[in-house]
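Trainee: Single-letter residue listing:
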Amino acid sequence: MSARAPASPLVRIRGLQVAFGGLPALRGIDLDVTAGESVGLVGESGCGKSVTWLAALGLLPGTAQVSGSVQLGGEELLGAAPAALDRVRGGRVAMIFQDPASALNPVQRVGRQVMEALRLHRGMDGPAARAEARRLFDQVGIPDAARRIDAYPHEMSGGQNQRVMIAMALAGRPELLVADEPTTALDATIQAQILDLLRRLQAETGMALVLISHDLGVVADMCDRVGVMYAGRIVEHAPAEALFDRPAHPYTRGLLAALPEMTGPRRRLDAIPGGVPEPWNMPPGCAFAPRCAHAAAACAAGPPGFRQAGPGHQAACVMPARAAVPA
Amino acid sequence: MSLLEPAGASLLELEGVSRVYSGRRGLLGRRVPVRAVDHVSLTVAPGRTLGIVGESGCGKSTTGRLALGLEAPDQGQVRFAGQPIPPPGGAEWRRLRARMQLVYQDPLGALDRRLTIATQIAEPLAIHAIGTPADRRDRVAALLGDVGLRADLGGRYPHELSGGQRQRAVLARALATDPALLVCDEPVSALDVSIQAQVVNMLTDLQDSRGIAMLFISHDLKVVRQVSHQVAVMYLGRVVEQGDPEAIFATPAHPYSRALVSAIPTPRSSLGPRGRERIVLTGDPPNPANRPAGCAFHPRCPLAIAACRAEAPELRPADGGRLVACHLVHPPSGSFA
Chain A
1 MSARAPASPL
11 VRIRGLQVAF
21 GGLPALRGID
31 LDVTAGESVG
41 LVGESGCGKS
51 VTWLAALGLL
61 PGTAQVSGSV
71 QLGGEELLGA
81 APAALDRVRG
91 GRVAMIFQDP
101 ASALNPVQRV
111 GRQVMEALRL
121 HRGMDGPAAR
131 AEARRLFDQV
141 GIPDAARRID
151 AYPHEMSGGQ
161 NQRVMIAMAL
171 AGRPELLVAD
181 EPTTALDATI
191 QAQILDLLRR
201 LQAETGMALV
211 LISHDLGVVA
221 DMCDRVGVMY
231 AGRIVEHAPA
241 EALFDRPAHP
251 YTRGLLAALP
261 EMTGPRRRLD
271 AIPGGVPEPW
281 NMPPGCAFAP
291 RCAHAAAACA
301 AGPPGFRQAG
311 PGHQAACVMP
321 ARAAVPA
Chain B
1001 MSLLEPAGAS
1011 LLELEGVSRV
1021 YSGRRGLLGR
1031 RVPVRAVDHV
1041 SLTVAPGRTL
1051 GIVGESGCGK
1061 STTGRLALGL
1071 EAPDQGQVRF
1081 AGQPIPPPGG
1091 AEWRRLRARM
1101 QLVYQDPLGA
1111 LDRRLTIATQ
1121 IAEPLAIHAI
1131 GTPADRRDRV
1141 AALLGDVGLR
1151 ADLGGRYPHE
1161 LSGGQRQRAV
1171 LARALATDPA
1181 LLVCDEPVSA
1191 LDVSIQAQVV
1201 NMLTDLQDSR
1211 GIAMLFISHD
1221 LKVVRQVSHQ
1231 VAVMYLGRVV
1241 EQGDPEAIFA
1251 TPAHPYSRAL
1261 VSAIPTPRSS
1271 LGPRGRERIV
1281 LTGDPPNPAN
1291 RPAGCAFHPR
1301 CPLAIAACRA
1311 EAPELRPADG
1321 GRLVACHLVH
1331 PPSGSFA
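One line per chain: the protein sequences are A and B, in this order.
Reminder that position 167 of the first sequence reads as 167 in the working numbering, one-by-one numbering, no gaps.
Reminder that position 94 of the second sequence reads as 1094 in the working numbering, one-by-one numbering, no gaps.
Hints in this document: simulated from the structure, not taken from any laboratory.
Each hint can be trusted.
Facing chain B, according to a computed beta carbon distance under 10 Å, are these residues of chain A, among others:
| id | residue |
| --- | --- |
| 1 | Glu44 |
| 2 | Gly159 |
| 3 | Thr189 |
| 4 | Asp215 |
| 5 | Leu216 |
| 6 | Asp221 |
| 7 | Met222 |
| 8 | Gly254 |
| 9 | Leu256 |
| 10 | Met262 |
| 11 | Ala271 |
| 12 | Gly274 |
| 13 | Gly275 |
| 14 | Val276 |
Glycine included, every Cβ here is placed at the ideal spot set by N, Cα and C.
The whole structure should be built from the sequences, with the hints applied where relevant.
Mentor: This is the structure in structure tokens:
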């Protein structure tokens, strides 16, 4: 089994599957998140990294077919009553997204939106809520919080709006923050600020962080453990350092080789040939086999199970040993 | 003329180019001139790539549009192959446009959803009246091959292609008129890493085989380093550092370039950011409508001195054959130092 943290987990996902219109988007995810840790999920568009958490929190449209189990502190979330889910979302588990401007209400002052979260999740009202909103604005590093609390989203920059979203997420005192590409729409210097902020908040509050990103650098920078997803499955899972120093799955190795670097000699990029398989055209065995330089007959036999590639390091590959040479 | 390229060697020259828009301060504020591009001088040599990096609002895309003559500069001059670019829209400008093409971030937006890929690749040939219909068919087939698309994909519509395939189709169309210059504005930013590498390799291959010059505009320093022979770092409409990408990315001299380079997270943990000093700038990039006095970067600069608030530094030669606009690199001679 993959992705299990040693201690008893805060979130325990088992066999999570999602299909849209009969086409599989998520094909069996096992993942644990322990209190206070930071877990990264990386992969390319459509690999299921966002769907995993939207499904876990009951945020997918009703047409999605979801099965498996998602437990938060032992309580099952899949199929839970709407009222129970409402308490969890924005409460014990908060989520922030790529585009803060579209997640915020454009015609409501940002402070009010944070106070709304305080009312819902902590029963706060009036001056107490306003004072707490102001404290949260300070905590997320919005300068001149006393005045900015009355601003509208369009009066703030993208980075400031993301800070507002984070303040709103913190309003419910979450045990877990799921950040889905939180810095993808931001400029590099602002991305550095927001990542810094998330790191500091995690240290201050002890919350766990799930960071969903297409950017291997961001995940390497932020996370203790990393899961690499491909075509609806986790294909490799390891402590961050092991993953980036000794990637075992050919897909992970391919992703790292495809990235240009900031230092060292310039070399031709090793692109991964072909593209991600369409959901209606999934290969029978390993989904990566058609693009894999090491593919053999065994790869088509069935979806490969996890094999140990090091301490806490697993790869879903029939021959990870061959691939597991230093990158 | 750029200080870094010998005269006469350049295909594209921007000389002291400025572009001023009318903007507002705030939603209902009074109209103020916004200098999107402010006195920028750059050159691109034939067959070489000039990378432009910088964050939103730094003027890099406007610089690209000025280079193509899509917009006329309010000051300065843009020359292509030694000749001033004619005003946009005229017959002369259209003729010139066959030799300079634009590729931008969103291939789906660049393609017409109602026309097949082959029809769209043939379009520039029809517009510029190049070849007979039979010639054009052959040319389209060859172009599809050049960008690594299967011939049968020519008969498909844009929505039937993946993002990477669409960007290849856009490139094939840009190459149809055999241009001497490609202006690429964030050409791979919307693509996944594995596909991005395919397109980046293809761009460098096409440059090698066809000798195309490129103006490569991107926020992604790693991609720019990969493709560029020269690089310019822009901040709020001005070039703050310019030169060899190896030198600039390894030892950035301008405090803004330094912050930009240090902000790039890298997955190599051995030299990763956890063991590396990261400069986290305070504040947002300023609004071009509200440009700080002196050096525009001084309010965010951890090293600013009095001179930085008073006087805008000029771009001047510095170590390693580069140009830098910073008072710390070139201490001002006046009383500020």
